[in-house]
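Peer 1: Line by line, the protein sequences are chains A and B. Using the working numbering, you'd call the opening residue of the first sequence number 1 and step up by one each time. Using the working numbering, you'd call the opening residue of the second sequence number 1 and step up by one each time.
Treat the hints as calculated values from the structure; they're not laboratory data. Any given hint could turn out to be false.
Claimed, not checked - The calculated label-pair distances, taken between Cβ atoms and stated as ranges, are: (1) B:41 to A:226: 57 to 67 Å; (2) B:34 to A:83: 27 to 37 Å; (3) A:169 to B:155: 33 to 43 Å; (4) B:245 to A:220: 33 to 43 Å; (5) A:250 to B:247: 11 to 21 Å; (6) A:282 to B:165: 34 to 44 Å; (7) B:50 to A:113: 29 to 39 Å; (8) A:73 to B:92: 38 to 48 Å; (9) B:50 to A:37: 26 to 36 Å; (10) A:113 to B:41: 14 to 24 Å; (11) B:44 to A:237: 26 to 36 Å; (12) B:44 to A:100: 24 to 34 Å.
By construction, the Cβ of each residue, glycine as well, lies at the ideal position given by its N, Cα and C atoms.
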Amino acid sequence: MNRKRNLMGALAVMSVMGAGTAFAQQPTLELMHFWTSGGESNAMQVIKDAVQAAGIAWQDAAVAGGAGMNAYQVLQARIAAGNPPAGMQMHSAQIRQFAQEGLLIDLDAVASAQGWDKEGVLDPQLKAYAYTDGHWVGAPFNTHRHNWLWINKALLDKYGGTPPATWEDFFAMADKMKADGVIPIAHGGQAWQELFLWEAVANGVGGPAFHKAAIEELDPEALSGDTMKQVFDTYRKVLSYVDPGYPNRDWNLSIAMVMDGQAAMALAGDWALGEFNVAGKQANVDYVCANGPGTDGQFVWLADYWGFFKGLDEQGVKAQQKLAEITMDPAIQEEFNIRKGSIPARLDVKPDKFGFCGQKGIADRAAAVAAGTMVPSLSQNSAQTTDVRGVFEDAVNEFANTPDMTADEAIAKINQGLAEL
Amino acid sequence: MTAAEITSANDAGGPRHGGRLRRRLAQRVNIAFVVPTVVIVVVFVYGFVSWSAVLSFTDSKTFPSFNFVGFQQYQSLWSNSRWHASVENLAIFTIGFVGLSTLVGLLLAILLDQRIKAEGLFRTIYLYPLAISFIVTGTAWKWALNPGLGLEKLMHDWGFESFNFDWIANPNRAIYTLIIAAVWQGSGFAMAVFLAALRGVDAEIVKAAKIDGAGPFRTYWSVVMPLLRPAFLTVLIIMVALAIRTFDLMVAMTGGGPGFATDLPTNFMYQFAFGRQRLGLAAASAIMIFVTVLALMIPFIASELRRESRDQR
């Protein structure tokens, strides 16, 4: 009896080992990303399923937390050790940076086969990152929009019914709310959220031309000009409408406050849509998605891409290219982005299946691409590299938390920080 | 340290009447046990410290580079207002945390030492916070101190409308909330060390003090406290080290905010190394932390070693 059991055990071990070798013959891609929340991993599942259906094993190397910073820490260490993963989810600035370091494989063959280059497939601004130094290096998943204002529908109806078109309108509405004891704006005092809010103000006050000059080109005149001062002063005023519990509040809690009617409005990118969807809230019934104050016609964007690292064998590279192809497939982009709350990176995906806010986002983007008013986001690493972004983040945060700091002092901080880079 | 102690213990208690060969063999074995630890410490502690020191003199961005730029990174470090804020915060935090938890720990230990009932229960209660991760402590205190959710709201709901405790949201007070949470977690440890030391105090000495007419306060102050000197040293060294490398508590509780009101050098280093592609600057900040720890610890350790060698003589 005993011996028989041993034999069975040995057979079981052997069959497992056999399965292991069969498994190893399948190409495996180790993929690093930081999409670990419910909605995010639900979206990632679309790509995962398609990859596995194509006969490629997906080895998940997700690293949660820190808005991707923890994942980058792991990535940096692994690159330094000469052992990067097969692919990594990246923002615009990083895809360009890693491509320029010569670490990424080029995707030219897939791109030409799938026609990434054709007119009307990708927005030229986004393409400028995916196509760096004459080669395709990034396969974009999605585009997120930055300049949304989320409003509780019942409260909006009570206070005028139309979303504020400018920051002046916003203040007028917020004063009435404050007088009635309603929190006008739900905000979280975390460093990245302060920069996000500041940039939303900058876009509303200065518009795309100012954003381009001051933030993308770091033009000294624009950086120290009157518009910049006005941006800081307006930002100071916006901060006077937050509730005392705002320090270190996570962004999803701000969205929950708008859902519950505790607060009237919140500025957040379309990642907020995922929260509304999970809670079963309806656009134009429970909440309203409007353009951020003063940003009609603008589309402030950020995108995520796959970047694929060099170092795999021929079969591995083929698998990497296959994943790029899957990612850029219109049907995959449609399903992935409906789940994620973003919109497809491809301009040519039909909007029909998206919800109200998704359709509005797609339409607004088409208009902005035509009008040349696409604006890359600073706070989400599309406009600048992380070191430049950090200078803005530090100055904005110091300003936000030092009540007697003037706009001039904040501007001086930015200039000093940029000079030191 | 540990390995060396083991060696000396073996020397003292090892076989004394074996042959010379046997003694020599035993010595070899001892060395063989020590070598791996020494190698690991040399490579992974001193090696990496030197590596950071080298990087702090280069213009490394995302990846290490060997383009040496002298003290430039240190210059930008000390002209960075965020660094100044974090160093100042660390000073306040270290003094507050170490001082308060030593005091609270000592008090608890003395109270527990009065032969009370259910001592085991109290000891466990006081020591329990130590078993919790700093992330949990930080998150729990973040909610408890949030003016809209925690203590302040509770008091308002109970009718104390004028109750006001918004320190965590106040840039001038936030650092003290970090101290509160850390003391809550850390004083149990100090208590355990002091309690062990108190139990080691010879009852005869205490009795002698009583016979000489010393009251309880005088007994503790003049007789027991001096005997607790090694315990104080242990608590101090461990607590200071703990304070300087505080990171997770701050990340979970305040995220360094509001603004940089609770930013600490560890967070500064992490942010600049991994979030900002400024490895050189981050290395410079790491070396500054290291040098500070050395400056604080060397006098302590030196005086302790001197005492030890004096005691041996």
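Peer 1: Does each hint fit the structure? Answer for all of them.
Peer 2: A quick look at each hint next to the structure:
1. B:41 to A:226: 57 to 67 Å: holds, 59 Å
2. B:34 to A:83: 27 to 37 Å: holds, 32 Å
3. A:169 to B:155: 33 to 43 Å: holds, 37 Å
4. B:245 to A:220: 33 to 43 Å: holds, 40 Å
5. A:250 to B:247: 11 to 21 Å: holds, 19 Å
6. A:282 to B:165: 34 to 44 Å: This hint holds: roughly 39 Å between Cβ atoms.
7. B:50 to A:113: 29 to 39 Å: Since the Cβ atoms of residue 50 (chain B) and residue 113 (chain A) sit about 50 Å apart, the hinted range of 29 to 39 Å is violated.
8. A:73 to B:92: 38 to 48 Å: violated, 28 Å
9. B:50 to A:37: 26 to 36 Å: Because 41 Å falls outside the window, the suggested range is violated.
10. A:113 to B:41: 14 to 24 Å: About 55 Å separates the Cβ atoms of residue 113 (chain A) and residue 41 (chain B), which means 14 to 24 Å is violated.
11. B:44 to A:237: 26 to 36 Å: With Cβ atoms ~52 Å apart, the hint is violated.
12. B:44 to A:100: 24 to 34 Å: Holds, since residue 44 (chain B) and residue 100 (chain A) (Cβ atoms, about 32 Å apart) stay within the stated range.
Hint compliance for this structure: hints 7, 8, 9, 10 and 11 are not met, and every other hint is.
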